[in-house]
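Visitor: Starting from the known structure of chain C, arrange chains Z and B on it as the hints suggest.
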Amino acid sequence: MTRYAMVADLRKCVGCQTCTAACKVSNATFPGVQWRKVLDMEVGEYPDVQRVFVPTGCQHCDEPACVEVCPSTASQKRDDGIVTIDYDMCIGCGYCTLACPYDARSIVREATWAYAEGPTEVEKARFDPRMLGVAQKCTFCVDVIDTGVAQGLTPGVHPDATPACVNSCIAGALAFGDLDDPGSNVAHLLRENRHFRMNEDAGTGPGFYYLWDGEQSEQEEVTP
Amino acid sequence: MSAIREGSSQWVPSYCYNCVAGPDLMTVKVEDGIATQIRPNFEAEGVHPAQGRVCVKAFGLIQKTYNPHRIRTPMRRTNPCKGRDEDPGFVPISWDEALDEIAGRLKAIRARGLRNEQGYPRVAATFGHGGTPQSYMGTLPAFLSAWGPMDFSFGSGQGVKCVHAEHVYGEYWHRAFTVCADTVNTRYIVSFGANTEASGGACAVYRHAQARMRGIKRVQVEPHLSVTAAASAEWVPIKPKTDPAFMFAMIHVLVFEHPRESLDVAFLRDRTASPYLVGPNGYYLREPESRKPLVWDSRTGRAVAHDTPDAVPALEGEVVVPSAVEVGPDDTLIEHRDVPADTAFTVMAKTMEPYTPEWAAGECDLPAETIRRVANEYLENACVGETIEVEGQVLPYRPVAVTLGKTVNNGWGAYHCVWSRTVLATLVGALEVPGGTLGTTIRLNRPHENRLLSVKPGEDGFMAARLNATDREHWENPADPEHWDERPSGRNAHKTLVPIVGNSAWSQALGPTHLAWMFLRKAPENWPKPIYPDLWFVYRTNPAISFWDTGQITEIMSRMPFVVAFAYTRDETNHMADILLPDATDLESMQLIPVGGTKYVEQHWDYQGVALRCPAVAPQGEARDMTWIAGELARRTGLAEDYYQAINRGASVVPLKGEGYDFTLDPAREHDVEEIWDAACRAATAEFSRGKEVRGLDWFREHGFYLVPFKRADWYLYPTMLEKGLRFELPYQERLKRVGKELEARMHEAGYHWWDEQLKDYEAIPTWHDFPGLWIRQLEKSGGRADDYPLWAITTKSMQYTTGNNVAIQLMDEVGSNVRGTGRVIINTRTAERYGIAQGDRVEVRSMTGATVGRAELMQGVRPDTVVIPAQFGQWATPYAKDREYPSLNRLSPLSLDLTDSSGSGADVVRVAVRRLGGAS
Amino acid sequence: MSTGAAGYTPHPRLQSSWDLRAASNFIGGGVGTGLVLTATVVAAFGGLWMPGLLLGLACVAFGLSMVFLELGRPWRAVNVFFHPRTSWMTREGVLSLPLFAAGAGAVAVAWFYGTVAAAPLLALAGLCAAGFLYCQAHILHRARGIPAWSESTLRWVMVATGLTEGVGVFLAITAFAQSAPRALALEVALAVLLAARAGLWLGYARRLRARGAPTRSMRAIDALGARFLWFGHALPAVLLVAGWLVWPFAVELVTAAGLVAAAAGWYAKLMIITRAAASRGFAIPQTPTRGRSASRAGARPGWGGGAS
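Protein chains in written order, with the numbering used here: chain C, 1 to 224; chain Z, 225 to 1145; chain B, 1146 to 1453.
No lab work stands behind these hints, which were simulated from the structure alone. Please note that the accuracy of each hint is not assured.
Calculated lysine to aspartate or glutamate pairs in the EDC-like style (CA-CA distance at most 20 Å, straight line) [stated by the list, open to error]: (1) Lys253(Z) to Asp48(C); (2) Lys331(Z) to Glu865(Z); (3) Lys253(Z) to Asp143(C); (4) Lys253(Z) to Glu45(C); (5) Lys881(Z) to Glu898(Z); (6) Lys746(Z) to Asp695(Z); (7) Lys965(Z) to Glu779(Z); (8) Lys306(Z) to Glu779(Z); (9) Lys77(C) to Asp143(C); (10) Lys574(Z) to Asp985(Z); (11) Lys463(Z) to Asp48(C); (12) Lys961(Z) to Glu981(Z); (13) Lys463(Z) to Glu45(C); (14) Lys124(C) to Glu255(Z); (15) Lys124(C) to Asp256(Z); (16) Lys253(Z) to Asp128(C); (17) Lys306(Z) to Asp758(Z); (18) Lys1106(Z) to Asp1122(Z); (19) Lys1106(Z) to Glu117(C).
Chain C extracted, bound-state conformation:
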């Protein structure tokens, strides 16, 4: 089987929002819509404070809450793990946006543009009316993956089969691949590093893993 998943290494992420911007540019999302975004989180109290950057977006869960609640079956989960939305089927009821424990979905009812003056040339060229009034979210750049796989490329390894956010990350913090392949990059990362998933108690089985430390033995060797 194939199970695509994302791995974000919190040790590397610097909150620069390059992935946020790359996703927006790649997918031509409306202003205010961020399929991928990086959160800026503080932990602790002065002076004992840490600050953590957390990339997030659709987690392409094992048992997606959005798929369960969707009345029209527009939201579906593929065999390879990617959760998709059929924009022609969706009725825009918004239920999925409320079911998602990761605030990953949104609905844009009216076209909005970067500037009050109206759509720019590129916005006009890339405007897709199908995207209005329906739910939208990170797709793991499914079109790119499908095209790439058809050409024999490996998602997460070859840029032409890899999500834009992963391609763009300047810290190398994002990795993508097939969890079911024990030799994949993501499988390696999860074996070799301590990780967690967010909001696990929601019970949806997210396909987005966060690395926070190496293995115990690696850390023990370190000098002060």
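Guide: Chains Z and B in isolation, oriented as in the chain C frame:
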């Protein structure tokens, strides 16, 4: 899916060099003639330090291209009155009209003389951030070169907002215009405010992330928990402007709390001036005949010249020298017999003795044990004595570094900080070796492409340095034209006031650039007030926003008689323009630039070469390529031949003629944009391949860049110093002490007493001054009370905005807002509670100079006595940006001689009061 | 959002997908099904049921039409029926069809043939109404992105308030129909339902706090709770009792009690949908190491209570 047809798309190679952390490579997707996407250039994986990736700012270039507020035609001002509240009344004109008007004025200027009656150039030009506009201005440098003397000293923040002291002292001490750690090898970094993860660019971010995986420890010492502190192992919340105290204490710990052998004694003895003997007047004791500095040969027990073969100089101690001379200011000779002397190292140690961690704790408002622990960790990680092999060469391995950020390496105390961190490097032999503290590039010396080649033996066993003259014969005094060596180049008096900045092409822009502005309004006592330049070019810069006391700068700028602004959109500076010229922007124009080798900020490559910025789309409206504009200006001003000669000589990237190749352009005829860059492509590839390969424009359109290997060993200056038998001019600043005394004499002879505070910086071994107190005193001198301004206000950079010239880009605003504090005033949560301020409340931050208003961002990661206002906002003319109403520190910082240090720099720190204005909605 | 004045934060934020229109569905659906159910029970005991049933169907229809207005793609509304296997929204939609058919059918049959003839259709309508109300309660429950909704005890609050509102409005309209005898049984039912609703509400609020919820949500729930309990339970209870004790104004007092009880339920649902509906926000159990450094326990910004 969208309106764009499949099959009509291509990816065009380009680069992004919007900020000094670049250039980085990228590709642009063009569909049906429209630029739609940006992506890394994956062909550069393995050769580019960040694997061909670009940072967030580059993704905004699509919107930048299609920004509806772009100036689309040349424009002329119709309202002769200039000022913030005057509507310029810009009306569209044709290129012919615009260029003819400009050329007409330029020709008239040439007829009157390139310099005015004061000797200053009549034409001035200001470009923005750190030389990056050069990578977008096409062949304009060739036109400027053809023109002749030009005043580049009207800054847009240089000195105030750049790493100024690091520039001048870094280059002086170790050919380090900027400094970074050898990140790929370092194990331990103490960073005083260096905001690597905000402004280090893709290369630094990538390398530091890798370093974290290797187990690096970086201790970030700064008043607030920046994005860099977030990515560090530890955050130490130091009080603003007390960094020298921390570093002095670190030196103290290394020198007094550890056995001497734990330091790199050999390095200190052989590669620095530590063993040089210092006489009673503070100058080196020298051999009377040769005037060479003396060392104490521990083998023979005698004082000998520093370069005596087989001598083993004593690192420390007090000795008595039978016969020696000191050379004082203006060549005064002081003869000595049986004179007691300390080595420079001993003088330094004695000076650092009182600076214990316990003392520093009081100044820095930090626990002494933290300071001591950091010093100990630094030493523990230094691996003194270890070596590493680099491309077959065995070099010292010293994986520790101290890095500095803005507001630490500029302004008062900056000299002390750059001195300290460089001395800390020398104490463990970590200067310019693998793992340690490295220079990146040079700008005051030549050649820029390879700093190692700029190392020439000079006096006293050090590198040759070209300081501005301070002797009576050659010192430049604008009020005394009789004695000019050459005419003054700029109105900021860098040659007069700042000897260390030299007089290369970059020196003007590095000198005290705010003084050029200040003096236009009010010159200091006895100083002739400069006359405004007749014509001022402005490109990719906005001093009315990016400077101190922007209110005052705007007012001074409004009196510029004739301003030609290359304009992307309307902004606060071109609000004062007479002509606006729309230049084709990043994705619309063509240029070839050098890449690779070593360069700021952390661009140490294993390759070097050139990269092409290929136009992805046709320019919007009537915008034109800068190369075309430059050619037109040259032609219409009658300088075409000189212009093409300058291009042939290499004004744009490489000389077009070299060994075995000649792609020079015929100066007698015109050449279009593609012709010029095709010649540059061929010459560059011929040069880099040593004649083996010649690649033209068409090849570059497909491949984007051309690279050849660059030796890893050339990242380090140490082998060159060793090979040439030279020492680093540290720790004792004997030459600078003397130069300082000479400068003092010259200034007083000329009746200038307003630089006296700055002259105090010229200490051979710096000592602590109450630097934070300087800000309090300046406040009081301006009539304020310290208690009325109880908080420190500082700024911090933002990767989404910094030097991206992109406040007008909605995408940057949107994604930047995810980073806490962007567009807001960051205030400690407890402090906010005391002031009755809740998250999102509107607050006013006020200084003696001005006030700014913004929303409060309550955070734990900031000192309770400090507020932080990120980036530079406060726009009132730039479309989109002006509607954001984001606060800016630049409204609050005074333009003040009192807060200018000896190198001509200032710092973004000011005392403020904060009060709540209203609720979040 | 496009001005970027406040970007995305890890804190819970108020949902912006469902507004007054969606709240109207739960309001109309709640009181509507409550009315239908009450009508079918009253019919079984021979009381005046038709106005109540018709009003109930109208309320349900009103609610559904408001949802229609809120759809991003209203002309695809028929797609709502496609996922009965797991979607409570589909199930609600599916049940609405026999609800209207049975209800309208019951009215038509009764008009021509009398109440007894309409009994089977009435029973079916009652069953569908109960199912519809149950579905509505579960729609909120399965919205796992909103802790204040997914807390399972809210389901019973939703059911209880639907019934309370239905009985309350039924009482009010019955009181106006002068020809109808005073329905003491309904008054007692209202009193019982008020007690149940108050108890369930208290249970819900307590469990929410114990399990942990976004602070924003808790604040809204606490503020709502105070008003809900006093104005929505104590006040109608007092009015009811006064109606029992003060004969001359009994009708007015009982009517007021029913309407106030119903309105309180509507207000509560409006607040729950639009004011208390904060998302989960984001939490990390551990902070990352940053090179040679120690990780520490993470945080759940914007939450209070047991689950942080």
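Visitor: Next step is simple, just say for each hint if it's right about the structure.
Guide: To see whether the hints hold, each was checked on the structure:
For the hint linking Lys253(Z) to Asp48(C), the alpha-carbon distance of about 46 Å lies beyond 20 Å, and the restraint is violated. Proximity of Lys331(Z) to Glu865(Z) is assessed by CA-CA distance (about 15 Å); at most 20 Å being required, the pair is judged to hold. Taking the CA atoms of Lys253(Z) and Asp143(C), the gap is near 17 Å; set against the 20 Å cutoff, the hint holds. Restraint check for Lys253(Z) and Glu45(C): not satisfied, since their Cα atoms lie roughly 46 Å apart, outside the 20 Å limit.
With a CA separation close to 18 Å, the supplied pair Lys881(Z) and Glu898(Z) stays within the 20 Å bound. Of the pairs offered as hints, the one joining Lys746(Z) and Asp695(Z) is violated, with about 27 Å between alpha carbons and a cut-off of 20 Å exceeded. For the hint linking Lys965(Z) to Glu779(Z), the alpha-carbon distance of about 36 Å lies beyond 20 Å, and the restraint is violated. At most 20 Å may separate the alpha-carbon atoms for a hinted pair to count; Lys306(Z) and Glu779(Z) meet this at roughly 9 Å.
Taking the CA atoms of Lys77(C) and Asp143(C), the gap is about 15 Å. The hint holds against a cut of 20 Å. Pair hint Lys574(Z) plus Asp985(Z) holds up; C-alpha atoms about 19 Å apart against a cutoff of 20 Å. Proposed proximity of Lys463(Z) and Asp48(C) is supported: the alpha carbons are some 16 Å apart, at most 20 Å. A threshold of 20 Å between alpha carbons decides the hint, and for Lys961(Z) with Glu981(Z) the separation of about 14 Å falls inside it, so the pair holds.
Restraint check for Lys463(Z) and Glu45(C): satisfied, since their Cα atoms lie roughly 18 Å apart, inside the 20 Å limit. Pair hint Lys124(C) plus Glu255(Z) holds up; C-alpha atoms about 13 Å apart against a cutoff of 20 Å. At most 20 Å may separate the alpha-carbon atoms for a hinted pair to count; Lys124(C) and Asp256(Z) meet this at roughly 12 Å. At roughly 18 Å between alpha-carbon atoms, Lys253(Z) and Asp128(C) fall within 20 Å of each other, so this suggested pair holds.
About 15 Å separates the Cα atoms of Lys306(Z) and Asp758(Z), which keeps this hinted pair within 20 Å; it holds. Between the alpha carbons of Lys1106(Z) and Asp1122(Z) the distance comes to roughly 32 Å, so the proposed pair goes past 20 Å and is violated. The suggested pairing of Lys1106(Z) with Glu117(C) holds, with an alpha-carbon distance near 15 Å, which does not exceed 20 Å.
In terms of the numbered hints stated before, the structure departs from hints 1, 4, 6, 7, 18, listed from lowest to highest.
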